[in-house]
Structures are given as C-alpha cells and as structure tokens.
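Numbering (my numbering), first residue to last: 23 to 223.
If you're looking for bench data, these hints aren't it; they were derived computationally from the structure.
Warning: the hint list may mix true and false statements.
Listed below are the simulated DSBU-like cross-link pairs for lysine-lysine, each with C-alpha atoms no more than 35 Å apart in a straight line [claimed, not checked]:
hint, residue 1, residue 2
1, Lys63, Lys204
2, Lys184, Lys63
3, Lys142, Lys65
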Amino acid sequence: MGEEPEHANSRGSHSRLEGTLALREPSFTGNVASTTLVGKKVKLRPKRLQDAVTDYGWRTDTELCHLDAAPPMKNSFEEFLSDYTEQLRHPVPGLRFAIETQDGKHIGNLSLFNCDDGKKKAELGIMIGDKAYWDQGYGKDAVTTVIDYVFTQTTWQNVFLKTLDWNIRAHKCFERCGFISKGTLHYNGCDFIIMEISRQG
Numbered sequence: 023m024g025e026e027p028e029h030a031n032s033r034g035s036h037s038r039l040e041g042t043l044a045l046r047e048p049s050f051t052g053n054v055a056s057t058t059l060v061g062k063k064v065k066l067r068p069k070r071l072q073d074a075v076t077d078y079g080w081r082t083d084t085e086l087c088h089l090d091a092a093p094p095m096k097n098s099f100e101e102f103l104s105d106y107t108e109q110l111r112h113p114v115p116g117l118r119f120a121i122e123t124q125d126g127k128h129i130g131n132l133s134l135f136n137c138d139d140g141k142k143k144a145e146l147g148i149m150i151g152d153k154a155y156w157d158q159g160y161g162k163d164a165v166t167t168v169i170d171y172v173f174t175q176t177t178w179q180n181v182f183l184k185t186l187d188w189n190i191r192a193h194k195c196f197e198r199c200g201f202i203s204k205g206t207l208h209y210n211g212c213d214f215i216i217m218e219i220s221r222q223g
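Sequences and hints are given; from them, build the entire structure.
In structure tokens form, the structure reads like this:
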C-alpha cells in the first residue's frame, strides 16, 4: 500500500442520502471516545451521527470492503442510520474515533476494540475511507497518535491488529509505526497477518 493502511481489519457536506432524513443527534451522552487526540496531520475525534453519511458510502464501496475482507453492505441508508444511532446511544466497550484532517474533513475511522483489561491489550482497526488521502501519511499519523495515547494515558501494554496477508502496503505502514509480525490467522476463507506493538518495545 505504499504508505497508508486503508484497512486493518476492523471500519463534510452531506450527500443526497440526507434528502429523506434529518440527521439529528440523539439525546444521550455516550462515551464513544471521551477526548479528541491531535496528531501532526490528523485529529481523532469522537464519532457523531453526522458521520453516518460518509460511513455508509465507505461500507458500500466494493474496493474498501475488499480491503476489509467484508462484503459491501446491502442495507438501505435508513436501516443503516437506525443501527448507527443505536450504536452511538449504546456504544460497545472500546474507543471509536473519526479521523479528520486538521481542517476538519472526515477521511476515515479508527477504533480500539476487543479490549482486555486483564491482559492489558486491545485490538486496533483503521480505515482511510477517502481515497484522495491514501499514500500521504494520514493513516500512519492516526496510528502513531492513538498508540502514543494508549501508552501514556491507559494501562494497556499491547495493541495488536489483523491485516490481510496480501496487503503489503498496510504491512509496511504498520512496521513504520513500530508494529511487528507475530503470526498468521486463517479466518472465514482469508489469511491474515497478526501484528503487535508493545509498551516495552
């Protein structure tokens, strides 16, 4: 992939999809991510309902889904938005961020999930969904920014990820971020490389 991890297994103006629905923030306070992290090229901010439009476009994009070893979403936008609202209202454990450029354009998502406080580790997923921002260092900056946060502000000792074995671009980027290969995994007909970074290096 040159420089950007478009996908490591994980996932602006509104489009025409808004025509039939008004995107109103649900009345709740959810700890999707409690703070905004600022890197050199990106900001990692809490997810919000307005992200549904771009996220839906990425979840239905054939190329992006291929990189994520997942089929394109078949749900209508209305169905997706209903589920999206519930996920924001009742977030699963972990942290989910929108990746923005410094001028506020939503270009991707990053999440920490499968968090195990006992083993002090979490799994990383990242997607640069806006292809205009591939190969420009945005993914690398997002990863290094969240890793710095994890190892300075949490007790987690390890962060791992799974990426398709043929996604060489992602492998090289994660290696530059400090991840090392730890093994392989065959799942659902696909082969993945497991990579990990630890607080101890």
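Given the proposed pairing of lysine 142 with lysine 65, does the C-alpha separation stay at or below 35 Å? holds (25 Å)
Within 35 Å, alpha carbon to alpha carbon, are lysine 184 and lysine 63? Cα-Cα ~24 Å, so holds.
Just to be careful, I want the Cα atoms of lysine 63 and lysine 204 compared with a cutoff of 35 Å; is the pair within it? holds (29 Å)
Of the numbered hints given earlier, the model fails none.
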